[in-house]
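Produce the complete structure using the sequences and hints provided.
2 protein chains.
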Amino acid sequence: MKEWPRILIEAVYPKLDDGRYPIKREVGDTLEVWADIIRDGHDVLAAAIKYRPRGEAEWREAPMRHFDNDRWTGAFPLEANTRYTYTIEAWTDAFASWQRDLDKRVTAGQDVASELEEGAALVRRAAARAGGADRADLEAAAARLAGGEAAEARARAAGDAGLARVMARWAERADLSRYDRELEVVVDRPAARFAAWYEMFPRSQGRVPGRSGTFEDCIARLDDIQAMGFDVVYLPPIHPIGRTHRKGRNNALVAAPDDPGSPWAIGNEQGGHKAVEPSLGTLADFGRFVEAARARGMEVALDYAIQCSPDHPYVREHPEWFYQRPDGSIKYAENPPKKYEDIYPLNFATADWEALWRELLSIVEFWIAQGVRTFRVDNPHTKPLPFWRWLIEEIEAAHPDVIFLAEAFTRPKMMRALAKLGFTQSYTYFTWRTTKPELTDYLTELTQTDVREYMRGHLFTNTPDILMPFLQEGGRPAFKIRVALAATLSSLYGIYSGFELCEGVARPGVEEYIDNEKYEIKVRDWDAPGNIKAYIGRLNAIRRAHRALQQYENLAFYPADDPAVLFYGKMTKEGDDAVLVAVSLEPGAARESALHLPLDALGIGPDQPYRAWDLLGDRALPWQGPVPRVRLTPEEPAIIFTLATRG
Amino acid sequence: MKEWPRILIEAVYPKLDDGRYPIKREVGDTLEVWADIIRDGHDVLAAAIKYRPRGEAEWREAPMRHFDNDRWTGAFPLEANTRYTYTIEAWTDAFASWQRDLDKRVTAGQDVASELEEGAALVRRAAARAGGADRADLEAAAARLAGGEAAEARARAAGDAGLARVMARWAERADLSRYDRELEVVVDRPAARFAAWYEMFPRSQGRVPGRSGTFEDCIARLDDIQAMGFDVVYLPPIHPIGRTHRKGRNNALVAAPDDPGSPWAIGNEQGGHKAVEPSLGTLADFGRFVEAARARGMEVALDYAIQCSPDHPYVREHPEWFYQRPDGSIKYAENPPKKYEDIYPLNFATADWEALWRELLSIVEFWIAQGVRTFRVDNPHTKPLPFWRWLIEEIEAAHPDVIFLAEAFTRPKMMRALAKLGFTQSYTYFTWRTTKPELTDYLTELTQTDVREYMRGHLFTNTPDILMPFLQEGGRPAFKIRVALAATLSSLYGIYSGFELCEGVARPGVEEYIDNEKYEIKVRDWDAPGNIKAYIGRLNAIRRAHRALQQYENLAFYPADDPAVLFYGKMTKEGDDAVLVAVSLEPGAARESALHLPLDALGIGPDQPYRAWDLLGDRALPWQGPVPRVRLTPEEPAIIFTLATRG
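Just so you know, the sequences run in chain order Z and R.
So the mapping is simple: this note's numbering equals the position in the first sequence, first residue as 1, plus 51.
So the mapping is simple: this note's numbering equals the position in the second sequence, first residue as 1, plus 51.
Careful, some of the hints might be misleading.
Copies of the same chain look alike in the list, so a pair counts if it fits in one copy or across any two.
[Stated by the list, open to error] Here are the simulated PhoX-like pairs of lysine-lysine, each with C-alpha atoms no more than 20 Å apart in a straight line:
(1) Lys-573 x Lys-584
(2) Lys-390 x Lys-569
(3) Lys-155 x Lys-389
Derived from the structure by calculation, the hints contain no laboratory data.
If you want it as structure tokens, here you go:
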């Protein structure tokens with residue numbers, strides 16, 4: 052009958068799908084928790100968050116306070132890179148209720164002799180539970196409440212703040228009720244939320260046309276990448292590349308003898324997912340590259356692509372892990388009528404699935420052992436969701452600092468599901484969003500709805516697969532626009548190398564690069580005229596200098612009169628940093644727009660003089676009043692600025 | 052490892068707090084169910100609602116179809132007055148996937164010999180599971196797919212619709228995934244949603260001043276109440292009334308010898324909650340009254356007020372059920388510094404709570420045995436929430452036709468919690484909502500948000516405790532306004548007797564009647580001049596004639612230019628009935644307003660002639676065009692009308 056608690060705790064926030072999945076935060080955050088707490092009658096309630104990091108058996112406790120309209124709130128610190136569990140308890144504070152009522156009775160001049168007896172009994176029961184000095188204090192208080200003094204003096208003693216504190220420690224928690232779910236928050240390291248990524252093909256980092264670059268060459272590139280201010284260097288697969296049905300230049304069905312093939316056709320006689328393509332160097336060379344990046348404050352991210360070329364060792368050793376035709380031959384990948392004969396997909400539901408899954412897990416563990424802590428996962432939406440949940444939870448338990456970025460360009464609910472199930476970061480539709488309403492709607496969805504509790508949207512300006520018409524047609528100004536947007540709209544963004552050189556030539560009629568690096572080795576002049584490396588470096592320096600840009604969920608859009616000018620800003624919760632950004636979305640012409648400054652949010656009065664500082668130009672702006680006009684040109688399509696009251 | 056299903060089923064709608072509580076519907080409804088269903092890859096999915104009424108062990112099944120963007124929907128009929136359980140299953144339709152891919156391959160001119168072999172194997176496996184004629188059909192189909200005909204002919208055979216149907220019956224449901232909650236819907240009888248209530252004190256139904264009316268007198272009133280069109284006659288407590296600290300007229304602390312006392316001070320030496328106050332008659336007389344109401348198509352609702360006068364038999368028999376002072380005496384009700392010395396509250400958490408709860412349950416069962424099926428519950432928010440959940444579930448399991456109306460005028464979240472936990476209907480803040488924005492916002496919240504899934508808002512125009520200034524000051528037009536609003540804004544509404552006589556005199560300075568019937572016997576002239584009985588009768592007749600007004604969740608507000616004119620309408624889902632209502636909120640003067648007719652929603656073109664019919668006046672309206680003007684007067688403050696295209 053009394054299976055349900057007397058106090059109802061509901062509408063708990065944050066929580067994800069009623070606790071089926073953890074929400075995500077980063078080390079150093081404070082988790083604010085909210086709940087509706089409801090009990091019959093008029094007694095005084097008390098409530099607390101119960102929480103514990105993974106591995107601790109005892110709950111810690113953080114107090115909650117009534118906010119308004121039966122809504123309560125509290126907070127606890129997220130100090131470690133681990134998973135925390137939290138829930139809520141509420142109880143009737145019998146002593147506080149008694150004390151409040153006693154006050155009212157005394158004020159109304161009522162006889163309170165019987166009430167003082169009741170209070171003394173409450174205090175006596177607490178004394179029986181108390182330890183040390185508290186017990187003696189409580190016994191003394193009980194004696195006084197029940198004692199011979201005048202009722203007024205005893206009632207005054209009942210209201211003593213010290214007594215209330217000791218009672219809070221020892222009094223029984225009447226009607227103690229626990230929320231019926233234990234919720235979880237995965238606390239990642241800060242790089243899960245704040246990082247600028249640089250994607251490059253190691254084989255294209257050499258200096259000799261037609262010859263593969265090596266990890267040695269990659270090390271030589273690091274100073275340049277560091278100078279641009281990137282945090283993560285991401286490499287497409289570095290494993291031996293299949294020979295059977297190898298693709299040639301521009302995705303040709305037949306490769307020329309010297310074509311290197313796509314790094315995503317993994318595996319040949321020299322090894323599979325745990326091997327290094329010999330032309331890049333050795334595993335030890337790779338380790339030196341990882342170390343060289345770390346020495347410069349950067350880290351290396353690897354690609355994790357679960358698919359095999361027909362020459363992969365797994366095909367020989369475990370044909371049962373693949374799909375087979377009635378005649379026993381192994382099926383290549385297909386999306387009928389399209390055929391991908393250079394790729395064999397794995398059958399995750401094979402009878403031997405457990406061995407397969409463990410082997411796939413061991414690949415990640417192998418590269419973790421080589422010092423890799425970040426993985427960009429190729430096409431996760433074509434592998435079973437429960438596989439990812441299992442794999443990421445296994446890795447997280449042993450290596451909570453590992454980051455998984457989901458490269459899923461697919462239907463929105465699948466992208467969200469992957470994030471819910473565990474992926475640390477997610478590719479987004481950013482590349483396809485170019486107009487003001489598109490960018491406003493999409494970034495609002497990513498950062499201002501519940502999606503932000505579990506999905507960290509990563510804004511890549513381009514990828515080896517995606518070169519949008521905006522970049523194909525807009526030239527250098529378009530590249531500046533897109534990288535300024537990416538670097539300031541999200542705390543996570545990236546470019547694929549070549550972007551800094553404004554490479555924008557596509558295969559006719561598609562949104563993809565001509566002479567795609569996926570199928571050939573490139574040698575570039577990294578200091579070619581017209582490059583925007585200094586511009587990118589400036590953007591990354593501003594991101595590092597401003598905490599507001601390092602946060603994800605703090606994006607706000609503001610009105611700009613021109614439909615081709617996007618105006619937005621980010622502010623820290625503490626209000627100690629704020630950055631405002633106006634970007635022209637028109638690469639071909641100058642735009643002028645009034646900007647409606649969010650002076651109120653910045654604590655600046657409508658008529659108060661302020662000082663506007665241009666962070667890209669490093670100069671004061673001659674603005675006055677709440678609606679200054681800005682002129683954005685193809686050469687300087689973005690303005691990033693701070694506002695402060697004049698001292 | 053594979054503890055999670057391959058197919059993700061989420062965002063299920065409707066559901067309440069993730070299935071902690073049932074949603075509510077009524078017999079004859081169809082429950083539409085929605086869900087996001089997501090699987091990796093490109094295979095064809097299938098899904099079904101699994102559902103069963105209480106007491107059935109086997110699931111029934113209703114198919115779901117893909118709607119859009121990974122959202123699926125289906126529906127099942129709610130045929131019985133009981134509780135249904137429902138959940139969702141989804142699986143990979145291997146045969147449909149195979150067939151779709153085969154089509155594409157054939158269209159592309161590919162060799163499909165191997166694929167036909169695979170299809171034959173699928174059909175053969177289904178045949179092994181099939182019974183009767185289906186097995187033979189499937190074996191024949193498998194033989195043909197694997198047979199000697201040309202590939203094109205075999206591929207055509209694979210696409211046979213009959214084969215697809217038989218395969219759907221027998222094929223294995225690959226990757227079968229079940230939603231991880233079983234949800235519930237309480238299906239009440241239609242009166243839970245649609246009823247007009249009339250509240251009256253039986254002791255005031257007599258004809259002799261100073262002498263208590265009887266159930267006989269109540270029977271004599273029924274024709275009058277029936278003529279007004281009410282469905283439910285609700286009686287305040289009919290039990291013996293306490294003598295100790297009995298309240299006198301106008302809530303006087305000391306009663307005169309002939310004062311009858313408040314019916315809510317329940318119990319004296321003649322009995323408690325299972326007894327009838329002798330001056331009203333006997334239990335048999337009450338039974339005759341219930342029967343007489345039923346014979347007129349009405350039902351009787353009783354008050355269920357869990358509190359005892361000091362003279363209640365429970366006080367003698369079970370002092371342990373009450374709160375006791377340190378000296379052993381029993382505590383009366385208090386809300387310090389206020390004292391309610393004529394009432395003893397029960398201690399629901401007493402050591403003997405199980406016996407107490409069972410006794411309280413037995414009170415409801417006692418009156419059910421007397422033919423009562425509807426209970427208005429007094430102040431449920433001062434009793435524990437888990438008590439209500441238990442009591443209502445116990446009653447519902449044995450008597451699913453019983454209706455509980457929660458009389459909780461308290462904080463909004465408590466009111467919602469009571470509804471979630473099981474109350475069939477809920478009193479609302481309607482009496483306090485008098486302006487256009489107040490009514491629009493509040494009725495939108497009640498009928499157009501998730502609240503409608505579990506809370507059926509009952510709009511009482513007045514109660515023995517609530518006489519609002521609008522009625523005190525507005526006279527007869529105000530009464531017409533409020534009853535017209537109540538009767539058309541919600542499918543559930545009620546009046547407290549005297550309302551039809553436009554009784555509006557309050558004790559000075561409070562929102563309560565002078566000479567309150569709670570403390571004295573009244574004898575009224577039910578046909579006093581100025582009464583609005585015919586008006587109420589007309590309203591109830593319109594409600595009975597129009598299905599649109601019998602539904603709850605179909606309210607929509609439309610623009611009226613005048614801020615004192617509220618314009619709204621209700622339409623059936625099927626579109627076969629629609630009623631529009633414009634009400635002046637100004638009792639003191641005539642108002643004129645343009646009404647922006649929702650012609651589009653009614654299927655009437657913007658320039659199409661229509662026929663507007665005034666349901667209160669029973670006459671055609673001479674309107675033309677989409678924005679007619681209406682004049683509402685103190686005498687006719689509301690217009691209720693239908694619109695139809697001219698034939």
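Going through the hints against the structure:
When the C-alpha separation of Lys-573 and Lys-584 is checked against a cutoff of 20 Å, the pair qualifies only within one copy, where the shortest distance is 19 Å, while the shortest distance between copies is 91 Å. In this assembly of identical chains, the alpha carbons of Lys-390 and Lys-569 lie at most 20 Å apart only when taken from the same copy (18 Å versus 84 Å across copies). In the homo-oligomer, the alpha carbons of Lys-155 and Lys-389 lie at most 20 Å apart only across protomers (9 Å), although the nearest pairing inside one protomer, at 81 Å, exceeds that limit.
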